[in-house]
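Number of protein chains: 2
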Amino acid sequence: MQEMILKKRLFTPGPTSLPQEVIRAMTEPMVHHRGQEFTDLFRHVQQGLQYVFQTKNEVLILTCSGTGAMEACVANLHCPGDKVLALRGGKFAERWDKICQAYGLQVKPIDIPWGEAVDPQRVAQSLEEEPNIKAVYATLCETSTGVVHDLPTLARMVEPHSALLVVDAISALCADELLTDAWGLDVVISSSQKGLMCPPGISFVSLNEPSWDRVKSATLPRFYWDFREMRRFLEKNMTPYTPAITTLYGLNAALDIIQREGLEKVIERHARLARITRAALTALNLQLFSQRPSNALTAVQVPDGIDGAELLRLLYHEHGMVVADGQFHLKGKIFRLAHLGDTNERDVIAAITALEKSLLALGHEFSEGAGLRAAKMASSE
Amino acid sequence: MQEMILKKRLFTPGPTSLPQEVIRAMTEPMVHHRGQEFTDLFRHVQQGLQYVFQTKNEVLILTCSGTGAMEACVANLHCPGDKVLALRGGKFAERWDKICQAYGLQVKPIDIPWGEAVDPQRVAQSLEEEPNIKAVYATLCETSTGVVHDLPTLARMVEPHSALLVVDAISALCADELLTDAWGLDVVISSSQKGLMCPPGISFVSLNEPSWDRVKSATLPRFYWDFREMRRFLEKNMTPYTPAITTLYGLNAALDIIQREGLEKVIERHARLARITRAALTALNLQLFSQRPSNALTAVQVPDGIDGAELLRLLYHEHGMVVADGQFHLKGKIFRLAHLGDTNERDVIAAITALEKSLLALGHEFSEGAGLRAAKMASSE
Numbered sequence: 038m039q040e041m042i043l044k045k046r047l048f049t050p051g052p053t054s055l056p057q058e059v060i061r062a063m064t065e066p067m068v069h070h071r072g073q074e075f076t077d078l079f080r081h082v083q084q085g086l087q088y089v090f091q092t093k094n095e096v097l098i099l100t101c102s103g104t105g106a107m108e109a110c111v112a113n114l115h116c117p118g119d120k121v122l123a124l125r126g127g128k129f130a131e132r133w134d135k136i137c138q139a140y141g142l143q144v145k146p147i148d149i150p151w152g153e154a155v156d157p158q159r160v161a162q163s164l165e166e167e168p169n170i171k172a173v174y175a176t177l178c179e180t181s182t183g184v185v186h187d188l189p190t191l192a193r194m195v196e197p198h199s200a201l202l203v204v205d206a207i208s209a210l211c212a213d214e215l216l217t218d219a220w221g222l223d224v225v226i227s228s229s230q231k232g233l234m235c236p237p238g239i240s241f242v243s244l245n246e247p248s249w250d251r252v253k254s255a256t257l258p259r260f261y262w263d264f265r266e267m268r269r270f271l272e273k274n275m276t277p278y279t280p281a282i283t284t285l286y287g288l289n290a291a292l293d294i295i296q297r298e299g300l301e302k303v304i305e306r307h308a309r310l311a312r313i314t315r316a317a318l319t320a321l322n323l324q325l326f327s328q329r330p331s332n333a334l335t336a337v338q339v340p341d342g343i344d345g346a347e348l349l350r351l352l353y354h355e356h357g358m359v360v361a362d363g364q365f366h367l368k369g370k371i372f373r374l375a376h377l378g379d380t381n382e383r384d385v386i387a388a389i390t391a392l393e394k395s396l397l398a399l400g401h402e403f404s405e406g407a408g409l410r411a412a413k414m415a416s417s418e
Numbered sequence: 038m039q040e041m042i043l044k045k046r047l048f049t050p051g052p053t054s055l056p057q058e059v060i061r062a063m064t065e066p067m068v069h070h071r072g073q074e075f076t077d078l079f080r081h082v083q084q085g086l087q088y089v090f091q092t093k094n095e096v097l098i099l100t101c102s103g104t105g106a107m108e109a110c111v112a113n114l115h116c117p118g119d120k121v122l123a124l125r126g127g128k129f130a131e132r133w134d135k136i137c138q139a140y141g142l143q144v145k146p147i148d149i150p151w152g153e154a155v156d157p158q159r160v161a162q163s164l165e166e167e168p169n170i171k172a173v174y175a176t177l178c179e180t181s182t183g184v185v186h187d188l189p190t191l192a193r194m195v196e197p198h199s200a201l202l203v204v205d206a207i208s209a210l211c212a213d214e215l216l217t218d219a220w221g222l223d224v225v226i227s228s229s230q231k232g233l234m235c236p237p238g239i240s241f242v243s244l245n246e247p248s249w250d251r252v253k254s255a256t257l258p259r260f261y262w263d264f265r266e267m268r269r270f271l272e273k274n275m276t277p278y279t280p281a282i283t284t285l286y287g288l289n290a291a292l293d294i295i296q297r298e299g300l301e302k303v304i305e306r307h308a309r310l311a312r313i314t315r316a317a318l319t320a321l322n323l324q325l326f327s328q329r330p331s332n333a334l335t336a337v338q339v340p341d342g343i344d345g346a347e348l349l350r351l352l353y354h355e356h357g358m359v360v361a362d363g364q365f366h367l368k369g370k371i372f373r374l375a376h377l378g379d380t381n382e383r384d385v386i387a388a389i390t391a392l393e394k395s396l397l398a399l400g401h402e403f404s405e406g407a408g409l410r411a412a413k414m415a416s417s418e
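If you read the protein sequences in the order shown, they are chains A and B. Taking the working numbering, the leading residue of the first sequence gets 38, the next gets one more, and so forth. Taking the working numbering, the leading residue of the second sequence gets 38, the next gets one more, and so forth.
No wet-lab data here; the hints were simulated from the structure. The beta-carbon is built from N, C-alpha and C at its ideal position, and this holds for glycine as well. A portion of the hints provided could be inaccurate.
What the hints assert, rightly or not - A few chain B residues that face chain A, going by a derived Cβ cut-off under 7 Å, partial list only:
hint: 1; residue: P56
hint: 2; residue: L78
hint: 3; residue: P237
hint: 4; residue: Y261
Unchecked claim - Straight-line distance between alpha carbons at most 30 Å, and here's what the computed DSS-like set of lysine-lysine pairs gives:
hint: 5; chain 1: B; residue 1: K253; chain 2: A; residue 2: K128
hint: 6; chain 1: B; residue 1: K370; chain 2: A; residue 2: K253
hint: 7; chain 1: A; residue 1: K368; chain 2: A; residue 2: K394
hint: 8; chain 1: A; residue 1: K120; chain 2: B; residue 2: K44
hint: 9; chain 1: B; residue 1: K145; chain 2: B; residue 2: K394
hint: 10; chain 1: A; residue 1: K135; chain 2: B; residue 2: K145
hint: 11; chain 1: B; residue 1: K171; chain 2: A; residue 2: K273
hint: 12; chain 1: A; residue 1: K120; chain 2: B; residue 2: K370
hint: 13; chain 1: A; residue 1: K253; chain 2: B; residue 2: K145
hint: 14; chain 1: A; residue 1: K135; chain 2: B; residue 2: K135
hint: 15; chain 1: A; residue 1: K120; chain 2: A; residue 2: K45
hint: 16; chain 1: A; residue 1: K135; chain 2: B; residue 2: K120
Unchecked claim - Which stretches of chain A does chain B cover? Using the computed rule of at least three CB atoms under 8 Å from a CB of chain B, they are:
hint: 17; stretch: 147-157
hint: 18; stretch: 187-195
hint: 19; stretch: 316-329
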């Protein structure tokens, strides 16, 4: 591209680019976290979070990354040695496993090939065989592979058992459908920097009453993560410790944007961007990686003979497109194009144009302009 | 005051008001935490942190409040059942105790009346009596009482023993002198929202090599808090999990401001504001609470016959001054006026004017205008 200063565009699955309204909200004067301005802000954010989580549960607000919220769940729900199921089908699912192991739990893994979704029947069977499972650790959108798991069916399989279903919905919130109460998810976590179009730094945990009962009897060590203290302060519209106030102002603005558009429309928008992206990629003779793709991102196989690192380098240095590599064994083998955050159809078209040019430069064969034509067709459908 | 819209001023000991430069830096476009822009930012922030900590140690960057950093230290330094000393002389010192207890450590407390500083000889004696102490948990500025402890002497007492000295310097950093390496402090923590004039949401931990040895052999559960992972990523100028990128942009700007002014001058400025405040308060027949006052804040006794809550209410509603109450048993008995963050002499004068008017309205006796006169005299000294 011939621009003097290359405009950078984030197509990474978090952090995402931010709406101007969110950035502006973060320039509000600082307030004290024990005063009226803060409790008003907190109450408003709380209502917005219940809306995006589709829950009547209180939604705890934690100052940490998503991994912190994952650890907080494990520390609050268990006693040492508890037996749990971890559905391992990607980097973030495996993180559940690692955290549980770090806390001395007995983890029964269910391994799923990366790129595939879990078969809920396998979970049902494991729960039958091991009646003492305390929790099932699952993922709605597995960000490392772009897979969205069938959580409503999974929840029906877990329901007859006493195990809690704990769901990482970090990258899926606002991108894929998530009905916390209607599906009967016990614990759901998410973070600010994905579909919520906010900076990273705050995470969320929604817990239903059976989960709260577990929190009360859990004995693993916790202090900063102690959900009981968070609930006590939530009644006063506060957090136990100084929260990320500026980011909460941004979140407040983002939740307003989402509520104005309407959650269903927000999810439809993500689905539409995903559809356009996939139509274009397929027209470029690229193979999609995920067998059950999420609306949050599209994972794509790097074609044989193309250097994945070189492709990402070209996209960035020639076109300003920040695209995510694969993780672990998929590094250089797939790339991941998110359609999260403040991203619209024009951004997706720009990404496809850049991808066409970069692939051509690297010698990948396809009918020139096919990506753009397919995108336009999918867009007018 | 006759203003139509009352300008609010924060005199709370964190969060503090923010310099315009910090606010502006946080409007930078979002970047990905695995790209070049981020690693450049991280490297620059790292150098600035080493400067304000006065250390050659790596300074870990954690996305959490200060309490999270406290917990992270405990989780990384110990095995279950370790014996530790906690110097309890205020709310935040007691927090060390509570966190250690939550993690199953044996805590030997040294109790200090709130408002007084610890006698380092008592610590030396406890270490003689209990040779198996693994760490001494201390505080540089105790924010609940405004006391600054004599850390250089304390460090000399701890030095002959194998115990680590772990210091909460959250509200003291940039306000009181802190020489991590020269004093021989093993572990020092701080946070973004006090003397660093940033929003809350990021905390820091500096560890020397003996502390790193302990981190390697510690067995308490940790994942998000795992210092080993943080060190591994720090070598690549990254964090293991998505950090609070926007706040890091603000921090970067704040560290630049501090480095331009020079750390010594920044501390002198805090000392000068503290001196002016205290001269004025004394002239208003008020009794200072702390027997060894920090430059970060001034704790003041509410005079007999005055309702502390009403005083704070007047300061806020009539003058826009956000002043902190006492905590726990000191609620309503003291108030705390911080001179942290983007606060200058004019702000302090405004606070004193408001305080004079409010105290007069509540019937406290003093020579009218005495506070302002004393402040002006102290200011020209």
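Need the list of violated hint numbers for this structure, in ascending order. Hint check: 1, 2, 6, 8, 9, 10, 11, 12, 15, 17, 18, 19 fail, others pass.
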